[in-house]
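Engineer: As a plain string of letters, each chain reads:
2 protein chains.
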Amino acid sequence: MSFATSEHRRDVPLPQAYRLLNHGPTVLVSATHGGRANVMAAAWAMPLDFDPPKLTVVIDKNTFTRRLIEASGEFALSVPCRALVDATYAAGSLSGAEHEDKLAACGISTFAGQHIAAPLIEGCVAWLECRVIVEPHHQHAYDLFVAEVLAAQADERVFAGGRWLTDSPQVLRTLHHQSGGAFFVAGETVQARKPRG
Amino acid sequence: MSFATSEHRRDVPLPQAYRLLNHGPTVLVSATHGGRANVMAAAWAMPLDFDPPKLTVVIDKNTFTRRLIEASGEFALSVPCRALVDATYAAGSLSGAEHEDKLAACGISTFAGQHIAAPLIEGCVAWLECRVIVEPHHQHAYDLFVAEVLAAQADERVFAGGRWLTDSPQVLRTLHHQSGGAFFVAGETVQARKPRG
Numbered sequence: 171m172s173f174a175t176s177e178h179r180r181d182v183p184l185p186q187a188y189r190l191l192n193h194g195p196t197v198l199v200s201a202t203h204g205g206r207a208n209v210m211a212a213a214w215a216m217p218l219d220f221d222p223p224k225l226t227v228v229i230d231k232n233t234f235t236r237r238l239i240e241a242s243g244e245f246a247l248s249v250p251c252r253a254l255v256d257a258t259y260a261a262g263s264l265s266g267a268e269h270e271d272k273l274a275a276c277g278i279s280t281f282a283g284q285h286i287a288a289p290l291i292e293g294c295v296a297w298l299e300c301r302v303i304v305e306p307h308h309q310h311a312y313d314l315f316v317a318e319v320l321a322a323q324a325d326e327r328v329f330a331g332g333r334w335l336t337d338s339p340q341v342l343r344t345l346h347h348q349s350g351g352a353f354f355v356a357g358e359t360v361q362a363r364k365p366r367g
Numbered sequence: 171m172s173f174a175t176s177e178h179r180r181d182v183p184l185p186q187a188y189r190l191l192n193h194g195p196t197v198l199v200s201a202t203h204g205g206r207a208n209v210m211a212a213a214w215a216m217p218l219d220f221d222p223p224k225l226t227v228v229i230d231k232n233t234f235t236r237r238l239i240e241a242s243g244e245f246a247l248s249v250p251c252r253a254l255v256d257a258t259y260a261a262g263s264l265s266g267a268e269h270e271d272k273l274a275a276c277g278i279s280t281f282a283g284q285h286i287a288a289p290l291i292e293g294c295v296a297w298l299e300c301r302v303i304v305e306p307h308h309q310h311a312y313d314l315f316v317a318e319v320l321a322a323q324a325d326e327r328v329f330a331g332g333r334w335l336t337d338s339p340q341v342l343r344t345l346h347h348q349s350g351g352a353f354f355v356a357g358e359t360v361q362a363r364k365p366r367g
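Those sequence lines, one after another, are chains P and Y. In terms of the numbering used here, the first sequence opens at residue 171 and continues consecutively. In terms of the numbering used here, the second sequence opens at residue 171 and continues consecutively.
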């Protein structure tokens with residue numbers, strides 16, 4: 171599977187990085203350590219601060235990706251689009267502990283990030299490179315990881331000038347997992363009226 | 171503004187409550203204490219556990235709603251739909267500290283919950299009644315509130331049998347805030363292919 175999006179990837183200024191997650195898309199979480207790399211899907215991820223940008227994501231204790239994150243202190247979030255719906259569901263269903271190369275089993279290709287060793291996922295529409303802010307109680311009690319965003323990129327066909335484009339191709343729209351492999355695709359953009367203060 | 175949805179409200183079994191937030195909608199956070207009630211919008215909210223259901227939401231220190239939550243130990247999340255886009259943006263822009271009755275200023279009506287005193291928002295499509303699990307470090311360092319969901323309801327025209335309906339009316343679709351009052355509306359539902367394990 172090749173989407174060849176590298177020509178469309180553009181850096182996103184860090185104060186705008188939260189906008190890549192603000193609308194609640196499902197993400198792919200990837201990490202590497204000791205020669206192994208893995209990816210999982212997460213619907214439970216959200217921004218946590220604007221500048222410097224932070225985010226938080228729930229990563230179950232049983233996942234192989236969590237072991238790689240705890241060992242390396244880093245992970246990447248990639249924001250998949252409609253074209254990747256089967257790969258995203260596979261990444262959320264298969265286990266890296268049982269598949270020698272889960273990325274291949276999911277039909278996922280990767281490319282190198284700018285600041286961290288964790289691989290970024292090809293064919294996605296946005297990417298955030300993250301360094302874990304160690305919070306033992308959050309991680310133990312709630313499986314909640316907090317991280318600072320070190321670098322962000324987006325596909326200029328869907329996100330440019332700090333905004334999601336209203337007329338982006340359907341196949342590049344973000345996915346929002348309901349349950350059981352059913353996803354909402356991001357639909358029409360509506361602009362609210364400015365409130366009278 | 172009257173949407174008269176009470177006839178369509180149905181209880182959601184607690185183990186399915188996470189599905190009301192799983193796809194990343196923007197929510198309205200409401201609370202009451204000492205005779206004052208308030209509401210704010212939050213794009214940064216997500217599930218945290220399945221059963222018993224927990225969720226987490228970022229609530230800034232400067233908000234009036236936070237004062238009410240810290241005093242009462244409770245809040246409600248209501249999931250607004252397209253019909254409420256202007257009210258939702260107003261709830262995210264105006265301050266309850268500056269408006270004697272912010273709910274009225276936002277054009278928002280409320281109804282009583284089942285388990286908590288905090289008001290639920292009329293015209294929304296899903297509601298979660300929450301009790302704060304006090305986590306001082308989360309709250310102080312990251313403005314992050316953790317809560318257990320005590321009761322959940324949804325509008326049967328959009329969520330029934332534990333699932334979001336694929337053919338629900340556009341005006342009842344959930345909102346996903348991008349920035350500056352621009353929201354994605356939840357679009358088409360796509361079903362991923364079951365992965366080969």
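Bear in mind the hints are in silico, worked out from the structure with no lab data behind them. Please note: incorrect hints may appear among the correct ones.
For lysine to aspartate or glutamate, the following EDC-like pairs were computed, each having C-alpha atoms within a straight-line distance of at most 20 Å [as the list claims (entries may be wrong)]:
1. K231/Y to D230/P
2. K231/P to D221/Y
3. K224/P to E305/Y
4. K224/P to E240/Y
5. K231/P to E358/Y
6. K224/P to D337/P
7. K224/Y to D181/Y
8. K224/Y to E305/P
9. K224/Y to E240/Y
10. K224/P to D181/Y
11. K364/P to D271/Y
12. K364/Y to E240/P
13. K231/P to E268/P
14. K231/Y to E305/Y
15. K231/P to E305/P
16. K231/P to D219/P
17. K231/P to D181/P
18. K364/Y to E268/P
19. K224/P to D256/P
20. K231/Y to D221/P
21. K224/Y to D313/P
22. K224/Y to D230/P
Which chain P residues face chain Y? A few, computed with CB under 10 Å, are given here [stated by the list, open to error]:
23. R189
24. F234
25. D271
26. L273
27. A274
28. A275
29. T280
30. P365
Label-pair distances were calculated between CB atoms; the ranges are [what the hints assert, rightly or not]:
31. R301/Y to E177/P: 48 to 56 Å
32. S279/Y to T336/P: 26 to 34 Å
33. I303/Y to P183/P: 43 to 51 Å
Model, not experiment: these values are computed from the prediction. Built from N, CA and C at the ideal position, the CB exists for glycine as well.
Engineer: Which earlier hints can't be squared with this structure?
Structural biologist: Of the numbered hints, 1, 4, 5, 6, 10, 12, 16, 17, 19, 24, 25, 26, 27, 29, 33 do not hold.
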